[in-house]
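Mind docking chain B on chain A? Use the hints.
Residue numbers (the working numbering), protein chains in the order written: chain A, 1 to 212; chain B, 1001 to 1829.
What the hints contain is simulated information worked out from the structure, not anything from laboratory work. Just so it is clear, the structure is predicted and the values come from calculations on it, not from any experiment.
Cross-link-like lysine-lysine pairs, in silico, DSBU-like; alpha carbons within 30 Å at most:
| no. | chain 1 | residue 1 | chain 2 | residue 2 |
| --- | --- | --- | --- | --- |
| 1 | A | Lys70 | A | Lys23 |
| 2 | A | Lys70 | B | Lys1146 |
| 3 | B | Lys1141 | B | Lys1095 |
| 4 | B | Lys1146 | B | Lys1224 |
| 5 | A | Lys70 | B | Lys1141 |
| 6 | B | Lys1141 | B | Lys1224 |
Cβ-Cβ distance ranges computed for the label pairs, FRET-style:
| no. | chain 1 | residue 1 | chain 2 | residue 2 | range |
| --- | --- | --- | --- | --- | --- |
| 7 | A | Pro20 | B | Asp1458 | 24 to 34 Å |
| 8 | B | Arg1136 | A | Arg142 | 38 to 48 Å |
| 9 | A | Glu50 | B | Tyr1041 | 37 to 47 Å |
| 10 | B | Ile1828 | A | Gly53 | 25 to 35 Å |
Facing chain A, from chain B, some residues (calculated, C-beta under 8 Å):
| no. | residue |
| --- | --- |
| 11 | Leu1179 |
| 12 | Ile1180 |
| 13 | His1181 |
Here a beta-carbon is modelled for each residue, glycine too, at the ideal position from N, C-alpha and C.
One-letter residues, chain by chain:
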Amino acid sequence: MARLTPDNELLARRIVARYPEPKSATIPLCHLSQEQDGWLTEEGMAHVAELVGCTPAEVLGTASFYEMFKLHPVGRYCLNICTNISCRIVGGADLLARAEERLGVRAGGTTADGTITLEDVECIAACTEAPALQVNYRYVERVDEAALDALIDDLRSGSGRAAEFPPHGTLGLVRQELGADDLANVSPPEDQDVPGWFARHAEAAADGGSGS
Amino acid sequence: MSERPRPVTITDPVTITVDGRPVEVQRGELLIDACERNDAYIPRFCYHPRMEPVGMCRMCLVEVDTGRGPALQPSCMINVAADMVVDTTSEQVAKAQDGVLEFLLANHPLDCPVCDKGGECPLQDQTMAYGPGESRWVEEKRHYEKPIEISPLVLLDRERCILCDRCTRFASEVTDDPLIHFVNRGSNTEVNTFPGEPFSSYFSGNTVQICPVGALTATPYRFKARPWDLERTESTCTTCSVGCRVTLESSRDRLVRINGVDADAVNWSWLCDAGRFGFEATNSEDRLTEPLRRVDGGSFEPTRWSQALGAAADALRSTDPDRIAVLGGARLSDESAYAWAALTKGVIGTDHVDAQLGDGLPVEVLDLPGATIDEVCTPGGTVVYLGPDPKEELPVLFLRLKHAATRDGVRIIELTPMATSLAPYAALGVHSRPGELAAVARALVSGDVPSDGVAGVDADTLRSAADALAAASGPVRIVVGRANLAESGQVVLDAAVELAALPGATFLPVLRRGNVRGALTAGLSPGRLPGGGRLGRDDDAWSSRWGSVPVSTGRDAFGILRAAAAGELDVLVLLGADPLSDVPDRDLARRALDRVPTILALDTFVNPSVARAHVVLPVAAPGEVDGTTTNLEGRVSRLRAKVTSPGTVRTDWSIAADLARRLGSPWSASSVGALRDELVAGSPRLAGTSWSDLEGAESVDGVLADLSGVDPGRIEPTPPPQIDSYSLRLVATRELYDGGELLRRSPSLAGLARPATVGISVGDAERLGVADGTPLVVRGERGAITLPARVSAGIPRGSAHLVHRLDGSDPFELLSAEQVACDVRVEIA
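This is chain A alone, in the form it adopts within the complex (with noise of 0.2 Å):
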């Protein structure tokens, strides 16, 4: 598999009519194909040209000056174990040597059964809850070796804290459906009452609540 499917076709829709310029929703297309593939595929990359009227050329120059579009396979599960400053003086480096170990790759390798691809990665701003890492860029923080083993251990098995990480690629962002008055740039500035976040926001903060 590799475009997209009917169903995720039709969200590209939905989500290429958010935008005044199709070609603005280059980036959460390709996250919608790596959510569906785990990966950004070429011919995931060739479709959403298709979708937002680009070439694939420029997909692939998009989505290759980002990080977190893996244009390669990867595991189920990427573990990024961050060596920056903070998380190395309170042991990340020993950490990231701890799992090449258990997992038997090296940081940028991915486990033979596809379960687990570890990364060595900067800052994660995480500093305060150091030393931290995270799966499928959801945090562990104040890990230790017996919490590291522990935690390859569930994802290997699909056991116990496995359950708290969707698979690679999953984002929430993609699927969230935005109200009308949410859009924008869908009338001039000066046509437009005050936004509904904003109102929804100010009561929110009226009831003494969170807001968001």
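Chain B in isolation, oriented as in the chain A frame:
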């Protein structure tokens, strides 16, 4: 670098200080241009005067003081404002340039001795002029697979690339073929294509020309010569009639490269790949190098010029002039065309002469008031486009029109049998049934639109188009050419005459062949004399020079072929013409060439028609000819010979002069310049284009002839053909890469033509139950051809589209000179 600075007219002057000198420049223009025009050239890599600036390379940093003290600014991104103080040579600037070069060289290999760019490389030159002299870098440089083929014509050595964005900007901005793009990020950034989607643009060679390093190289030139061994001369491309200015570059007397020259009125430095790489045909081993004569057994035998010319002269002398005809001449220079006009009309005395082969337009189209390319592209203007797909036939004109539509607010109304490459940029597409164009034009001009539409165009579309024409702010410019080879050219002329009623309408005739306008202007057309003169009206000017002129108007190409087929011709001269391939009635061409007893052919190759000739005279090819050429606008520019012709090849005009002498005529020709001056002296409308006029510095890009309209005489409108509701109407077009002589003889271009298909509309495909690739039989009165289907949204319902001269069956097999339009039955094979 070699680009000419962006031309500017100062309408809103401001004064700035450049290196201590006050200079007057145009408000808002780019600082880099303003400085260059005022003798302060600023080094640059990414900036190109014909593309939007991007500020990628940082080489053009200068110190600019706008009142807050001097600061380094990239001069390609700064618009000039009053009182700017600019220093292009300060210590800070020199340090910045030094630093930028050091960074650019961090990963750039020092392989200049084996790099094709070495010797003409902006990076090499500017490193010598502004660079650090020594490298502090000891780190390993990047390595990539060398080279990768980004198209069949262009190779990329990625490690040499300095990421200036010129090629990628060209692809997206100038041609709108964004098939190359920056891929990856940071120090891993590279230019590349999508896997399996090559940079197959008709304009890909331009990226090689504008690459400021040796990253992009063209296969025909790679490793062929060193820049310091090249000899260059400026000339004009005659591959099509746009007339792009070029440099012909040779090494050891062989053409090795052609580059575009920035002629502001014409090609803006761009070339198409057929024009850029077609020089390979001139170098071809297949060239005719000595005269040939058919011997008794039927095969050709080499002969001497004196014998070949003697045989030709004998044939011409012993034949009634009314039984002699000349076809072709659009390949010739203006002077050769004039010499042949003088020979045929003056010396021999026949008017059966036509430079077109029934695939152009009636010559009266040149009598309509003319418009230049610049006028057609006037910002804010309105254009009615009544021609062939410009990207396929006149590629650089396509670039100008696309630029006008996307950048300068020109509204293009396509009035074509099917969508062309201009469709994405056109304001409106009006696609009428072939053969009924004049009725559509009449409705547009009058605004009188019947509710059921006209000629297959619905009323709403017609009304929008008529409204757009009525709302045009200035005079409407009309581009007129032969959009459909399966439709009589007379139909197009009829439509143009209708559109001439629009106030101030002017016309750009887009006849395709290299110098077809020059040949027609030189008199190679029935009823015409040089300089737009008419037989019967302007006889004196020419009979005084030639001795006589024909007494009655002769036949056009179809008429000549009909006469030949009926046994009414004894001698047919082919001036670089291939009727068997190019006449849109193959059956007529075959019957004609079978019947004529004597065929004389002047050509560079043995094409199918030359193969039928009795005497073959080898002539000079592009790059070997001195003289002038006339582009589709009527702009006369110099052709210069760069290389020596092979064998005993001669020029067309000297053959005409020799034959005139052998026929005992007092008319003779001594040189190209004398022929030019004789042509101009007798032609008031060519005033200002004499040989010496064209030598001036200001006429380096050519001189326009008089374009004012003249009375074309009475033009009988063609009655529209009957509609046969069971048939599809044929649209026959050309593509840039076809099986034509130039391409077949250019190894780099041969093989780029796509296989033939038959295009049908989405509606007709559904009706017939056809998908892409379904084999279809296209049946006409003349026969049937079978080709795979191509379903296209650009084709209107009721039409079928075939392309001439692709690898496969040819639409010309189905066409008849007697028909206004061609109806065919299409069914599944």
